[in-house]
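Now for the letters of each chain:
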Amino acid sequence: MTVLDIRNISIDFPTSKGVVHAVSDVSLSVPQGRRIGFIGESGSGKTTTALAAMRMLAAPGFVSEGEIHLNALGDTDILALSEEEMRRVRLRKISYIPQGAMNSLNPVMRVETQIWDGILAHEAGVTQAELQRRSDAVLEGVGLDPKIVGRLYPHELSGGMKQRVCIAIGVCLQPDLIIADEPTSALDVITQRHVMQTLREVQARIGAGLILIGHDMGLMAQSVDDLAVLRLGELVEFGPVRQILENPQHPYTKELISSVPLVGGESFLDPTPAEVPKGFTTQDGTPLLELKGVGKTYGAVTALHPMSFTLDGAVPKIISIVGQSGSGKSTMGSLMLGFSPPSTGEVLFKGQDINRIGKADQLTFRKQVQAVFQDPYACFNPFYRVDHALKFPFKRFGLAQSEDHVQEAMEEACRAVGLDPALVLSRYPHQLSGGQRQRLIVARALMLSPNLLIADEPVSMVDASLRSSILKNIHDLKDRHGISIVYITHDLATAYHVSDYVMVLYKGHVVEAGPPKDVIGDPQHTYTRLLIDSIPWPEVGRDWGSADDARAALEELGRIGGTPQTVYRGDIPGFTLRQG
Amino acid sequence: MGVQGTTDRAIPGAARGPGAAPPELTARQVRRMKRFDNPWRNPKLIWGAGLLLSIVALGILGRLFWDTDLVFTGSGMPRQAPVGVENIRGQIGSWAHPLGTDVSGKDLLALLIVGAPNSLYVGVLASLIGMSTGIFLGFTAGFVGGRTDDVIRVLSDVMITIPPLLILVVFQAAYGDISLTLMALLIAAFVWQSPTRLIRAQVLSMREAGYVQMARLSGASTGHIMFREMLPNLVPYLFGSFIANVTTSIVTAVGLEVLGLGPQRIPTLGRVIYDAINSGALIQNLWWWWGIPTLLLAVMFIGLLLINLGLDEVSNPRLRRL
Chain A
0 MTVLDIRNIS IDFPTSKGVV HAVSDVSLSV PQGRRIGFIG ESGSGKTTTA LAAMRMLAAP
60 GFVSEGEIHL NALGDTDILA LSEEEMRRVR LRKISYIPQG AMNSLNPVMR VETQIWDGIL
120 AHEAGVTQAE LQRRSDAVLE GVGLDPKIVG RLYPHELSGG MKQRVCIAIG VCLQPDLIIA
180 DEPTSALDVI TQRHVMQTLR EVQARIGAGL ILIGHDMGLM AQSVDDLAVL RLGELVEFGP
240 VRQILENPQH PYTKELISSV PLVGGESFLD PTPAEVPKGF TTQDGTPLLE LKGVGKTYGA
300 VTALHPMSFT LDGAVPKIIS IVGQSGSGKS TMGSLMLGFS PPSTGEVLFK GQDINRIGKA
360 DQLTFRKQVQ AVFQDPYACF NPFYRVDHAL KFPFKRFGLA QSEDHVQEAM EEACRAVGLD
420 PALVLSRYPH QLSGGQRQRL IVARALMLSP NLLIADEPVS MVDASLRSSI LKNIHDLKDR
480 HGISIVYITH DLATAYHVSD YVMVLYKGHV VEAGPPKDVI GDPQHTYTRL LIDSIPWPEV
540 GRDWGSADDA RAALEELGRI GGTPQTVYRG DIPGFTLRQG
Chain B
0 MGVQGTTDRA IPGAARGPGA APPELTARQV RRMKRFDNPW RNPKLIWGAG LLLSIVALGI
60 LGRLFWDTDL VFTGSGMPRQ APVGVENIRG QIGSWAHPLG TDVSGKDLLA LLIVGAPNSL
120 YVGVLASLIG MSTGIFLGFT AGFVGGRTDD VIRVLSDVMI TIPPLLILVV FQAAYGDISL
180 TLMALLIAAF VWQSPTRLIR AQVLSMREAG YVQMARLSGA STGHIMFREM LPNLVPYLFG
240 SFIANVTTSI VTAVGLEVLG LGPQRIPTLG RVIYDAINSG ALIQNLWWWW GIPTLLLAVM
300 FIGLLLINLG LDEVSNPRLR RL
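Those sequence lines, one after another, are chains A and B.
The first sequence begins at 0 in numbering that gives the first Met the number 0 and counts up by one.
The second sequence begins at 0 in numbering that gives the first Met the number 0 and counts up by one.
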């Protein structure tokens, strides 16, 4: 029995520049109890298709063709329902679990009250005792203690708990179909595994169909039965997830699968050339970057416990700092850039304390240490054309000989990162995609040719298919231009491939450090192991484990919490690390 | 059931409910959609600017085609009604004084030609000075932070609670006759607080923006970051705040003038109304005397309001409706 039938639907958005076809001619059905994944990049129409089934398209979008049938409604087309009839269908027949749980819960209502709200909107005359019983039951169903969590307000919950509350609300009326729109995209991998497993369990228990919208092939492989691949509003491939992963037919699906970097998989990078350009060297062996007992506290919170390392820049290297949100990895980045002073210790760049540099040398320091930030959308001033971001530092650092020289350097840098200078340089930021902007930032770093580059999550906000090519660009900075790089990331798979040395941070401590083949390929520390286990693998055979495993691992982690011991996994020449 | 009736109301143009059928756009809505391409072609903005320009035009054209010397006492017969209207004494207004005269025989048209632009001038000048102070203090507070921020914030918070009219009345009563420019300066002392707070808040949130970090990485000086990177992005806010300030300044100026505390020898709209009230124009039914300047003030305020609403829509596309 199918719970949802989407027949040849097309969705149009009329705009002043003509009609945009967001989705064209998509047909698919969701059988009872089965999980369907919608995968595609931003703008592929995956969310739009799902929202059409809820009749929640943003104005002025509308379904221009096709029919949507819900089994529970018999022969009636969802599109023919009146607004009031549709309201009664939502949540009771189809429920929706939104992307950002933090913005979806009402901040001034207790969790259980929000669940009662949903029940009361559909059923009249439910007694208070009955409401309490039902909200307790659903909260328990998502692994939350109803006695405690039910009485809390959303701001008192963690991100993962909030998302589980959203799941509880979504299933409180036992709908036929659950639509989950990237329910874990804002969560770190450990929490992601926990939330997805909860969702899967609950869905199996009530026997509803599930549509999971996402862009992560690994998550799909671990969570769904069938996979629909969407691209530019068209359904390019549909089938059982194993078949799609192991034998993709459409070239786009193949590309999507091959672009996922795997731990231990084949490298997506070009082989390192035999002759690596020389980095920074001095006679007396002053290291390029040295941290001496650097720690950072914000009031009572310790973001980073004191640690020391020296990075000798003679042979350029990529040092990865891996950790989840709140691990202190971005704090390290900002300390190394001199954006915030350390609470203890000192950061030395070429033997000079970067927080004691005089006004005159400030510019020289800035020229030698550059950065690539996480958000390519925020990095360009919307007021200027994008070339402003490249041109300004080039002139400011006195690298420019003439206007023509600036133009030439910009064009050369663009070509080096695979951008057509004529196409991008004279545009405004909003006219470029995230991937193009991030490449421009890499081109900017290349133009300035610093000695050290801090790359803070450079690909986490870029579409999956572009990630490897941008990382390739960054890797080239090391191989071809002799720039040492500190790569800050939460993604172990990319760190495995690009880096020469990996540090795993947990609550401001380095818990494990060494060459990536050892640290990520064969983790020893509990936390690192948990991280690796939580990565959803794009292989159906390699199972994620049960929710109980995840819970057990989290508990074990809770035990070591306080002062974890660093596990050193071997050294590489030119880099030494020390706790304290 | 009554409730049922209201929920099942027909939505015009979408019998199948929103999202299920093409939105039926009227020709008018399609035309309005075009406006999304160029936000500056906003009808509110255009109408507002038109109304304000009409005040300016009154000043310029009036000086060209009318004798402004008629503002002096005894330029004509007192209490003349506008053209074609009869006054208390049964005299029909003539073209010699198209809008009539006041009790001392001043020509009302000439008063308005000189007075209306004067009122606008005080408002714009006070607002300009207030905004410049606000930009300077707001940027300093937001960017420098620390003790400087504390001082500026406390100062503006305290100033915002003091009713300007109170201070101004005392000040003007003490100093007597003042010039338009001095009056603008005095008013400016009370309109810098809200732009300061607004800009400080914007600068604080913008300071962490990616492009500001990028500029710092590029070795940009503080001045460059403030005025070349941040300021251009604040222009819509500044515009809106400026217009709102002009309104406040004019209200304050007119308020003082109507109390008889403005410049004594320079015609302004408020001064004309003060004279009218003072000479019993309301009782003698000399409605043109106080009515026409009030109408001009209304035109000015509606114009400013429309510009402000229009600017809101320009900077915030969500407010634009089909």
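No wet-lab data here; the hints were simulated from the structure.
Since this is a predicted model, take the numbers as computed values, not measurements.
For each residue, glycine too, the CB sits at the ideal point set by N, CA and C.
You may find that some hints are simply not true.
[Stated by the list, open to error] Some chain A residues judged to face chain B by a derived CB distance under 8 Å, without partners named:
1) 152
2) 155
3) 365
4) 369
Hint check results:
The interface hint given for residue 152 of chain A is broken, as the beta carbon of that residue sits about 25 Å from the closest beta carbon of chain B, more than 8 Å. The beta carbon of residue 155 of chain A is not positioned within 8 Å of any beta carbon in chain B (closest approach about 26 Å), and the interface hint is therefore violated. This hint holds: residue 365 of chain A has a C-beta 4 Å from the nearest C-beta of chain B, less than the 8 Å allowed. A cut of 8 Å between beta carbons decides the hint on residue 369 of chain A: the least distance to chain B is about 6 Å, and the hint holds.
The structure fails to meet hints 1 and 2 from the earlier list, while all remaining hints are met.
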